[in-house]
Structure formats: structure tokens, C-alpha cells
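**Q** For reference, the chains in residue letters:
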Amino acid sequence: MKCLPREIILDILSRLSVTSLLQAKRVCKAWHNLVRDPLLVCMHFSHVKDPCLILHCDDPIKNQLYSLELSDLIKDDRRDVNKIRVPALPEFYVVARAMDYIELPKSKELPNQNSVFGFGVNQTTNKYKVIQVVYWKHRNRRRRDIFRPLLPVQVLVRGRLHWHTWSIFCSSRITGNIEDEQFSCCPIISFDFEDEQFREVAMPSCGDLDKIRCHLVDLGGCVSAAVFNGYEQIEIWIMKEYDVKESWIKEFNIGNHVPRSLEEEEEEEEEADQKSSFDRVVGLLKTGEVLLEYKCRALVIIKIMEHLNN
Amino acid sequence: MASSSSSSSTQVKKITLKAADGKHFEVEEPVAMEMETVKSFFVGNEDAMKDMVVPLLNVSSEHMPAILDFYRNHSEFRKRTPPPPAEEVKAFNEAFLENKSDEQLMEMIMAANFLNTKELLNFLTEAAANRIKNKSVEYVRAFFGIENDFTPEEEARIRAENEWAFDGLDED
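Line order of the protein sequences matches chains R and H.
Take 1 as the starting number for the first sequence in UniProt numbering and just add one per residue.
Take 1 as the starting number for the second sequence in UniProt numbering and just add one per residue.
Extracted from the complex, chain H is given alone in its bound form (with noise of 0.2 angstroms):
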């Protein structure tokens, strides 16, 4: 269902992406403009032709792939009418978080950030709370890969303020 989707007309223009690592990929000229940081490189800039590689230093190119594909489908979404059944977009977003590390998921949230998009940041966002929410302090420490620079006495004092919230998580 992903990337086939409107390619039969020829004549959408396509906008060149280069990945953190060189990588480049061909972007229809909608899709790109679906990330603000792309989108200023031109807006506003006249000397910048339609045909020039965008630098995207910030992403690696293990990542775009999906990341066009969620604009792609995204985009497909807010534009069809009648609008999609909720499961479709449902299951689209599963498929997407599928498999995808929680590593993967923290690079992909630099990404949206960097390339400013805030459907795909609040996706992943609220992707990575859904990962952690009801989880121990030590499985979000790793999660996050955060050290605990908390000392014990410190820690015990905090524990022992918010003691109520401490009962019922979930498995690590």
C-alpha cells in the first residue's frame, strides 16, 4: 500500500534529499514540502532551484525510507474523502511502530525534530510514552539511557514522598 500510491501521473515533480550519510533519495515535491525544514530551504529563497539536493544532516538514511512512507501515507490520508476509517490509519501506525527498536524510535524522534514536522513528532512522541508509561524508574533510565546521578538517600526520599504512585506497574 505504501510508495505506488500517486506515481502514475509522470509529471509530479520529485525533489532530491541527501541523508546525514550521502544517501540520496527522490521525494515528490508534496511529500518533501511536508517538512518544514525542507520547506524553508526554498520558501523564501529564490536562488534555490527545484532541482537541487537538500541536505538533511541530521537523519540518517537507515530511517528515511520509513519516514517518507508515513508522509506519503499520512498525506494520502488527510486529503481522501470520505476520510479513512479510523482502523486504517490505526493499523498503518501499528505496522509502522512494528518492529522498530526503541533505539530506532529515539533516532527517528531527532528526525521529525530536526526536520520540523509535528504530525510525525506527536506520533512518535506519543509512540515512545505509550513505550514507557506505567513502566519502573530503571526500565525508563534504560530506555532513555539516562544514569542515575540521584544519591541512595536522595532517591530513598523521593521514593518515599510519591510512594502511592509505585504500586501496579506493568512488567519491565
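Same shape as in the complex, but just chain R (with noise of 0.2 angstroms):
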């Protein structure tokens, strides 16, 4: 058979999944180095596919990792994830998903200390970036903002990573406890990888996204929130335009999303843990359908009935 062109080849490549790729470098050396073309990242990227989730799991044993690849799911359910073999550390974090890992060195561990970590990379130059934002959860009774975590979950959109924020402003001078504090929305900050610089991003100014049970998704890469109102409803804001206030709009509610199949474990899992009782939107899949995971335990497909504008 002849063979085919390069760039052929590396148009089949940028077809497959992570992991397809990963074996790929084992069949000559030719191909090896076609895998780290970096114009195969960038065509990999351009042919939309739904994407590959990593998974961190802790229980029973703790920081095992877990990839699924979304668009084989759909085609054929039986696929199951695939285990991550990864390498004894110590404790770590996933920021995102890469083909690699690297040990970062070690940053100075201060007592109260929180920190948030970032994964992006500078498109002009091409290079990766991790960033940690470090803050304090130093109680200051005599002030009343007191500090603004940055919230976990970030979206990576335009070159540009973003996080909402809180604020938790202590009600109590004299008591100082939790139960006191008051949270409410902040703004959405974004960290730009090109010039390394924060921003604020513009917020819809109903007020609708200060809520306390609110997170930040990519959605179609437009930077998009999801906003659980009440006990069963979920309601998905998009920002059409990037950063312009006013093209901030609800897009559609996701009504009673709990799978009739984990319903009834509901009841008993009342006292869970606080960490996995969430409910998160993780995106938006090929064929319009939102994947939204399941207080920690199950991966829900949504179907979209209706959409509020047009």
C-alpha cells in the first residue's frame, strides 16, 4: 500500500480520543513525533467532538483517576471509563485535562491559606501555564468583608480562565461563627494567560447570578452560569457576548433533573456530606443535550425541550 501523506495521516490523527493518541506514538517513530505536532492539538480542536472527562474519585482508595471518553458513550453505551494508572503522589489536584503530568514545586504552606489552581495555555506562545491563586481566610471581626474565595470550578474561555467569586461577610462581631456568616455573589473574575492580567467580568444586573448556589460553565465557548433555584429547577444564563453586560440572558430551565433511578437512594442520603450534595452542570454535548453530574454519584444526560428565546 502507499503511503499517505503527512498531512493526511495527521488529519486522521486529530480524529481520535486522548487516548487513541496516547497508543498512536507507539507505532514508529514518524508517528511519535506526528503526536506532538502541535498543529494536530489544534486540529483536534477544531473537529468539535464532545468531550473527554477525567474523573477524581476518593472512595474507597483515595485520588484515582478515571477518564471517559463522551462521544463513544453516546454511540454505544457499553463503553465503561477507563482506569488512569497515575503515579504515587502525595496529594494533587486536576485542572485540567492534558496528556502529561509534572510536579510543580512545592509553595510555601501558610496556615489559613486557600488556594485555587488554573490551567491554561497563552495562545501567541504556545506555552502551558498552571497558576495557584492563593488567598486568606483570615477572620478580621472588626471588618466586614472578610474574604472572597474564589469558587473551585473555573471555565477556561478565550484564552482567558474564569472563576465566580464570594464574599462572606460576618453578621456576628462577637460570636464569629459560620452559621453567622452571610455570603453573597461577587464578581466573575477572569485571569487572561496572554498578559497575565485579572479582570472583572461583566454580570447581568438583574441580580439573578449573586446566588449562592450558582456555578460557572463553558457552554458552547461562551462563558455561561448555572443557577439552581429552588430544590428542582436549574436555570442556564449565557453570555452571547463576551463580556457585554446586557448579552447576559437566560437560555433555558432544566426542570426535575433527578434520574427517577437515584430518586428513591434521595431520602437516605439526607445527611450526606455538603461536597458531593451539589448538582453540576459540566456542559454542553454535540447533539445539544446537557451533561449535568449528579451529586457526585452519576453522569445525567439532559435533554432540552424547550428554549426560552428564540
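No lab work stands behind these hints, which were simulated from the structure alone.
All residues carry an ideal CB built from backbone N, CA and C; glycine is no exception.
Be aware that one or more of the hints could be misleading.
[Claimed, not checked] Derived contacts from chain H toward chain R, CB cut-off under 8 angstroms, selection only: (1) Gln104; (2) Leu105; (3) Met106; (4) Phe150; (5) Arg159.
Grab the two chains, each in its own frame, and use the hints to assemble them into the complex.
**A** Right, dumping it as C-alpha cells:
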């Protein structure tokens, strides 16, 4: 058989999943180099595919990673999650999907310090960067504005990472108990990997995003927000034009999203720990369906029946 | 459903294409013009007459009927209002790939590359990617006819580096 030209091989490879690409490195020396070609990365992302998820699991063994190709899952639902063998690391965060891992130099640990990690790429220089945003939870009871943590959910859109922030005010000067604190939402902060600047991003003026149960999500390349309204209703907001306050619109509602098979277990889970009791909108699939993570236990695909606009 | 489509209007101009092995194919002009290589033969070449035979040096006559069938159907899909249902396009595409060996697929990719048509090339490379995804390294080598030029030590090292990716492969 005649050999296919390099650009055709690149084209074929760019349509493969990350795991298949890693295997392709073993085919021959020429392919080993092809897989490292920066052009391949660009082509890979240009073929709009459903995302590959990396699942981080602490139960029953700490720090287990699994990968899941969603496009495979849709076509045939027999594909399981693949276990990712991770080297024995003391503790780590999953910041983004990548094909390799590096160990970062240890940063200074200070008491009452919290940090959020972010990962992205400078598109001009093609350099990947990991950032660590550190803040202190010092409880100064004389001042009202105490700390503004970045929520760990981050969204990478247009070469910028975005976080939603919270403000926590202490309402009781005397006790300073958590129960006395009031939460309120603060701006969306972006970090630009190009110029390394933090900026504030426009929010809708209606205040609907200032809810405690609200998180950011990337929907079709737009910064979007999932607002948990009441018990079983999720509002999806999308910023259609980047950083334009007026372009934020409520795109659709997700009604009763608890899958029936999980509903019965619901009651027993009342006492479940806080962290695992939230649902999270993960993203949009190519089919237009919404992928939802249900209380750290199940991934749910939801068909959107009705868009509020158009 | 294939070639009978629009030939009721007898005025449609035909262009003659000559495959690598000398066989001639008469093709309706709009279908022939889907191929950039054929188009560039005429565009900007005022001397070229529409009745000239266009030589396609890299395309074997074995694949010409299938390739032309693809163009005819897909250009019809594009023109139709309302657009055809996704299932109809999918059914045609699946039937197109059915019974095509890996080797035939490769040859058609080369042909589509030579004819310089994005739509067919995209379709075929996607088909090739689907055939090799989640397959073992040995399967992929056989598929492309590639010799393993790694030493056993090198291969073991690369395998170890990417160990996690080798779980959950399909049967070859």
C-alpha cells in the first residue's frame, strides 16, 4: 500500500481521542513525532467532539483517576470508564485535561491559606501555564468584608480562565460563627494567560447570578452560569457576547433533573456530606443535550425541550 | 437512488474524465466541478474546451463510480429544500462505506486528496479514524501498512510512559 501523505495522517489522527492518540505514539518513530506536532493539537480541537472527562475519585481509595470519552458513550453505551494509572503522588488537584503530568515546586504553606489552581495556554507562545491563586481566610472581626474565595469551578474561554467569587460577611462581631456569616456573590474574575492580568467580567444587572448555588460553565465557548433555583430547577444563563453585560440571557430551564432511578436513594442521602450533595452542569454535548453531574454519583444527560429565547 | 437523479434534463453538459488506467467517465458538469482538480483544469485556462478529456492520473477507475456517486448524492443533499433528514444522509454514508476494505478506503483517501475535495476527504478520514480508534497498536500498524521501527527497549519505554491509555481496547 502506498504511504499516505503526512497531512492526511495528521488529519486522521486529529480525529482520535486522547487515549487513542497516546497509543498512536507507539506505532512507529514518525508517528511518535507526529503526535507531538502542535498542529495536531489545533486540528484535534477544531474537530468539534464531545469532551473527554477526567473523573477524580477518592472512594474507596484516595486519588483515583478515570477517563471517559463522551462521544464513545453516546454511540454505544457499553464503553466503561478507563482507569488512569497515576504515579503515587502525595496529594494533587486535577486542573484540566492534558496528556502528561508534571510535578510543581512546592509552594509555601501558610495557616488559613486556601488556593485554587488553574491551567491554560498562552495562544501566542503556545506555552502552557499553571496558576495558583492563594487567599487567606483570616477572620478579622472588626471588618465586614472578610474573604472572597474563588470557587474551584473554572471555565476556560477565549484564552482566559474565569471564576465566580463569593464574599463572606460576618454578621455577628461577637461570635464570628460560620452560621452567622452571610454569603453573597461577587464578580466573575478572569485571568488572561496572554498578559497575565486579572479582570472583572460583566454580570447581568438583574442579580440572578448572585445566588449561593450558582456555578460557571462553558457552554459552546460562552461563559455561562447554572443557577440552582429552589429545589429542582436549574436556570442556564449564557453570556452571548463576551464581557457584554446586556448579552447575558436566560437560555433555558432544566426542570426536575433527578433521574428516577436515583430518586429513591435520595431520602437516605439527606445526611450526606456537603461536598457531594451538589449537582453540577458539566457542559453541552454535540447533540445539544446538557451533561449534568448528579451529587458526585452519576452523570446525567438531559434533553432540552424548550429554549426560552428563539 | 444513485445516478438517475437529474438526468431527465438532457441539456446538462457532460465532462469526460480519464482515470489512471485509461478508462473514460462521462460526468455532468456540476458534479465534475465539485472536484477542485477538475475545476482548476478549466478555470483560468481559456484554451481548455469543455469537451476535452481531463486526465486524473492518481485515481483508479475502480473507485470512480463510488466517488462520483458520493458527489452526486451529496450535492443533491446540499441543494434540497428542506434539507434531507439526518438519517437519510447517514444511511447513504453508511452504505457507501459498507464492503469497502481498509485498503480500498486508503486508496479512496489518496484519490480524494488528489481530486482536492474537502467534503469527501473529511468524510473518508473520519471513516478511517473510526476504524482505528480504540484498536491496538498492532492493528493500527497493519491498517496503515506501517513497519514498527522501534527497538524493543524503545517500545517498552513509550509503553510505560503512557501505560494508562492501554486499558479498555476493543478486540482487533
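**Q** Which of the stated hints cannot be reconciled with the structure, identified by number in ascending sequence?
**A** 1, 2
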